[in-house]
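J.: Listed below are the residues making up each chain.
Number of protein chains: 2
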Amino acid sequence: MFTALSHLYCPRCGATADAFVRQGLCRSCGSPLLARYDLSSVPIRRSALADRAPDLWRYHELLPVSSPEHVVTLGEGMTPLLAVPRLAAALGLERLWIKDEGLLPTGSFKARGAAVGVSRARELGIRAMAMPTNGNAGAAWSAYAARAGLEMLVAMPVDAPTITRVETVAAGGRLVLVDGLISDAGRLVSAAVADTEWFDVGTLKEPYRIEGKKTMGFELAEQLGWRMPDVVVHPTGGGVGLIGIVKGLMELLGLGWLEGPLPRMVCVQAAGCAPIVRAFQAGAGSCEAWPDARTVAFGITVPKPLGDFLVLSALNETAGTAVAVTDAELLADVALVGRLEGLFLCPEGAATVAAVRALVSSGWISSDEEVVLLNTGSGLIYPGTVPVDAPRIAADGEFHLPPAESQ
Amino acid sequence: MFTALSHLYCPRCGATADAFVRQGLCRSCGSPLLARYDLSSVPIRRSALADRAPDLWRYHELLPVSSPEHVVTLGEGMTPLLAVPRLAAALGLERLWIKDEGLLPTGSFKARGAAVGVSRARELGIRAMAMPTNGNAGAAWSAYAARAGLEMLVAMPVDAPTITRVETVAAGGRLVLVDGLISDAGRLVSAAVADTEWFDVGTLKEPYRIEGKKTMGFELAEQLGWRMPDVVVHPTGGGVGLIGIVKGLMELLGLGWLEGPLPRMVCVQAAGCAPIVRAFQAGAGSCEAWPDARTVAFGITVPKPLGDFLVLSALNETAGTAVAVTDAELLADVALVGRLEGLFLCPEGAATVAAVRALVSSGWISSDEEVVLLNTGSGLIYPGTVPVDAPRIAADGEFHLPPAESQ
Numbered sequence: 000m001f002t003a004l005s006h007l008y009c010p011r012c013g014a015t016a017d018a019f020v021r022q023g024l025c026r027s028c029g030s031p032l033l034a035r036y037d038l039s040s041v042p043i044r045r046s047a048l049a050d051r052a053p054d055l056w057r058y059h060e061l062l063p064v065s066s067p068e069h070v071v072t073l074g075e076g077m078t079p080l081l082a083v084p085r086l087a088a089a090l091g092l093e094r095l096w097i098k099d100e101g102l103l104p105t106g107s108f109k110a111r112g113a114a115v116g117v118s119r120a121r122e123l124g125i126r127a128m129a130m131p132t133n134g135n136a137g138a139a140w141s142a143y144a145a146r147a148g149l150e151m152l153v154a155m156p157v158d159a160p161t162i163t164r165v166e167t168v169a170a171g172g173r174l175v176l177v178d179g180l181i182s183d184a185g186r187l188v189s190a191a192v193a194d195t196e197w198f199d200v201g202t203l204k205e206p207y208r209i210e211g212k213k214t215m216g217f218e219l220a221e222q223l224g225w226r227m228p229d230v231v232v233h234p235t236g237g238g239v240g241l242i243g244i245v246k247g248l249m250e251l252l253g254l255g256w257l258e259g260p261l262p263r264m265v266c267v268q269a270a271g272c273a274p275i276v277r278a279f280q281a282g283a284g285s286c287e288a289w290p291d292a293r294t295v296a297f298g299i300t301v302p303k304p305l306g307d308f309l310v311l312s313a314l315n316e317t318a319g320t321a322v323a324v325t326d327a328e329l330l331a332d333v334a335l336v337g338r339l340e341g342l343f344l345c346p347e348g349a350a351t352v353a354a355v356r357a358l359v360s361s362g363w364i365s366s367d368e369e370v371v372l373l374n375t376g377s378g379l380i381y382p383g384t385v386p387v388d389a390p391r392i393a394a395d396g397e398f399h400l401p402p403a404e405s406q
Numbered sequence: 000m001f002t003a004l005s006h007l008y009c010p011r012c013g014a015t016a017d018a019f020v021r022q023g024l025c026r027s028c029g030s031p032l033l034a035r036y037d038l039s040s041v042p043i044r045r046s047a048l049a050d051r052a053p054d055l056w057r058y059h060e061l062l063p064v065s066s067p068e069h070v071v072t073l074g075e076g077m078t079p080l081l082a083v084p085r086l087a088a089a090l091g092l093e094r095l096w097i098k099d100e101g102l103l104p105t106g107s108f109k110a111r112g113a114a115v116g117v118s119r120a121r122e123l124g125i126r127a128m129a130m131p132t133n134g135n136a137g138a139a140w141s142a143y144a145a146r147a148g149l150e151m152l153v154a155m156p157v158d159a160p161t162i163t164r165v166e167t168v169a170a171g172g173r174l175v176l177v178d179g180l181i182s183d184a185g186r187l188v189s190a191a192v193a194d195t196e197w198f199d200v201g202t203l204k205e206p207y208r209i210e211g212k213k214t215m216g217f218e219l220a221e222q223l224g225w226r227m228p229d230v231v232v233h234p235t236g237g238g239v240g241l242i243g244i245v246k247g248l249m250e251l252l253g254l255g256w257l258e259g260p261l262p263r264m265v266c267v268q269a270a271g272c273a274p275i276v277r278a279f280q281a282g283a284g285s286c287e288a289w290p291d292a293r294t295v296a297f298g299i300t301v302p303k304p305l306g307d308f309l310v311l312s313a314l315n316e317t318a319g320t321a322v323a324v325t326d327a328e329l330l331a332d333v334a335l336v337g338r339l340e341g342l343f344l345c346p347e348g349a350a351t352v353a354a355v356r357a358l359v360s361s362g363w364i365s366s367d368e369e370v371v372l373l374n375t376g377s378g379l380i381y382p383g384t385v386p387v388d389a390p391r392i393a394a395d396g397e398f399h400l401p402p403a404e405s406q
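Line by line, the protein sequences give chains A and B. Numbered per numbering that gives the first Met the number 0, the first sequence spans residues 0 to 406. Numbered per numbering that gives the first Met the number 0, the second sequence spans residues 0 to 406.
Careful: at least some of the hints might be erroneous.
Put simply, identical chains are the same to the list, so a pair is met inside one copy or across any two.
[To be verified] Within a straight-line C-alpha distance of at most 25 Å, the following computed DMTMM-like cross-link-like pairs (lysine to aspartate or glutamate) qualify:
1. K303 to D158
2. K303 to E397
3. K204 to D367
4. K303 to D395
5. K303 to D178
6. K303 to E328
7. K204 to E397
8. K204 to D395
9. K303 to E316
10. K303 to E368
Source of the hints: derived by calculation from the structure; they are not laboratory data.
Build the full structure now, drawing on both the sequences and the hints.
T.: This is the structure in structure tokens:
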């Protein structure tokens, strides 16, 4: 048995749907659909994973692909979980980890969703896909679509990171630039795919991207020796990473591979686009669209996520919280983490550092708690976050070195 | 026992040197020094590796670091070895693999050398290091130096990829830009470190960078199930990757973990800077400096590598060869591999594709041989290799999709 996939269900209205034909949103209520597995049929113990390759397909029984020949892979998964003791000390913590998703194919955690989403799309006979994106998802889905021999169209705001345009085109994806935000791109894509064979694979518009993302939770548990940390801090735009991690951990609990309680989940947004933070603070079950959204952490510029109610529910169920940080704070933390730990975080990843500082300061996180930060992408994608001011010397010139000082 | 390191030896004059104090070049003849291990003392079988984490430190007995607490890591190693069947068909091959080194920390294979080199430097009490670089090595060494709490100075040609400046500075490295080539930067660094505490860690100026690079050979053998391919194709500037792979495979032969013959090694250079190709074709034992060196594959713009004689000897000992490809060829192959396999190669990595095409065409590689290409870095570092021409649409505009066509 390659997958224990059983059926799809609607987390809003409770309807169920066939997981073995292509599906979009819930036909009853328009909510995203989620995959459910027959956990009692999973034939392995967690110790069996040790013999499998270090990629996310090691968890294939808990992924939606029915047959190994439909797996589309670029070697994604088992990203490092790095102890960061000097950053921990700077934040007043004893046990701090960064899971570095920048080491995935295409440079961001979007590769997880793309690997699983494209594999399942091909398995279900889909030949052409389209999506709105803030850049990284479009780059990732274009790469996996090329690897699978499928067509991909990506609609991206003109302000998205320039390199993600290049990644999309390098993989043969069709690229459309939009004078607007991801919400505008989403409307354009919805209209364009209507009555065509093109399949809309926008965030949570199909059920399988999140199945790739949940493997962050699987890896985290396995890398910690099958236990959970106290707190997991995740930058949040569409929210699939955060709800994916909770879904993954719940499945491991269901299998008996882990014991509770779940980590308290922290949703981090930019002060310039914080609809989930505002809704969480108001005790609301869903978001209002954020007007004039704007942040250097471009990946999380999502004014009104489709899965907002799932993120809010995950925060409430795990006794979590939501924090907004300013661009100035997160840019300072790109530099701080580079200097202390040698890690070049993406701005979204650096936002988690600023959030933890605030939560330690407020007492919400105590110094003896174990905290995991998700760095969702490589700093290489955001060359503008660090100013460079270096002397320029002639080929036959010279320069002098100061006395060496160990830090 | 954490390491089986025994001593250093000079591959040119045969002198030996103490591996447990800091060493630069051979004091007798000025050649690079290489590390030798007491293979008979390695206490494990290769099967024991399966229980170790998927990073390059799984081979710690064959690495030069004496004590685990001196390991400086960002999670480097065990990069994917990807079957690329559509590219294989396009090149007329049956079994073709790409080892994707773009998924390492800092985005290139330079992370391997930096991880091991910085770890050993710290262990030997070095506090400050300096190097010339074509960009990627400087970025990598700056990151690992920051992680280790050491000082790093990087001298880089102004034409090196811009993002590597950012990576260097983000990690707190001191950056000097040089109006010239890496050879000019090397002279400047040599002069600046003289009579200071700063340690010159330029290519092969110290013995341990290559120890990190040789783990590409270890991983390749392990990932293929402890056997060797017929041909390994490597882009070559300083040459450390190519000679490192051969050194690694020789050590595995010595341990009895592999059986011969060694793969035929192919050194790939750009037509605009091909000193090793010229020397190989002339049957020479070392290179002449290449005048007016110039290529978009900037990482391999090395007019006169210090380890030239080691590369030439590795090519001769493995019945290998050396091939130069034009910038137009390698740029076309960046696009080809993106479209066929979804991989965004660096231009140096794409040069291996162009080289294989030529070698298949000439009959040097036959269609039934198993070939491995090294993609030494991420395409993210070289955003200029793929032109982007995309329509721009208003937020309230529309676009239309063509009929879907599976490729």
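J.: State whether the alpha carbon distance between K303 and D395 is at most 25 Å within one copy, between copies, both, or neither.
T.: between (57 Å within a copy, 17 Å between copies)
J.: Regarding K204 and D367, is the shortest C-alpha distance of 25 Å or less found within a copy, between copies, in both, or in neither?
T.: neither (40 Å within a copy, 44 Å between copies)
J.: 25 Å Cα cut-off: does K303 pair with E368 within a copy, between copies, both or neither?
T.: neither (32 Å within a copy, 54 Å between copies)
J.: Between the shortest in-copy and the shortest cross-copy C-alpha distance, which are at most 25 Å for K204 and E397: within, between, both, or neither?
T.: The answer is between: 20 Å across copies meets 25 Å, while 59 Å in one copy does not.
J.: My question is about K303 and E328: at a cut-off of 25 Å on alpha-carbon distance, are they close within one copy, between copies, both, or neither?
T.: Cα proximity of K303 and E328: one copy only (23 Å, versus 45 Å across).
J.: Should K303 paired with D158 be assigned to within, between, both, or neither, using CA atoms and 25 Å as the limit?
T.: Only inside one copy: K303 and D158 sit 18 Å apart there, 42 Å across copies, limit 25 Å.
J.: State whether the alpha carbon distance between K303 and E316 is at most 25 Å within one copy, between copies, both, or neither.
T.: This pair counts as within: shortest intra-copy Cα distance 21 Å, inter-copy 62 Å.
J.: Go through the copies and call it for K204 and D395: within, between, both or neither, with a Cα cutoff of 25 Å.
T.: Answer is between: at 21 Å across copies they meet the 25 Å cutoff, but 59 Å inside does not.
J.: At most 25 Å between CA atoms: does that hold for K303 and E397 within a copy, between copies, both, or neither?
T.: between (55 Å within a copy, 21 Å between copies)
J.: Measure nothing new, just compare the shortest in-copy and cross-copy C-alpha distances for K303 and D178 to 25 Å and report within, between, both or neither.
T.: Result: close within a single copy only, 18 Å intra versus 49 Å inter.
In summary, the numbered hints that this structure violates are 3, 10.
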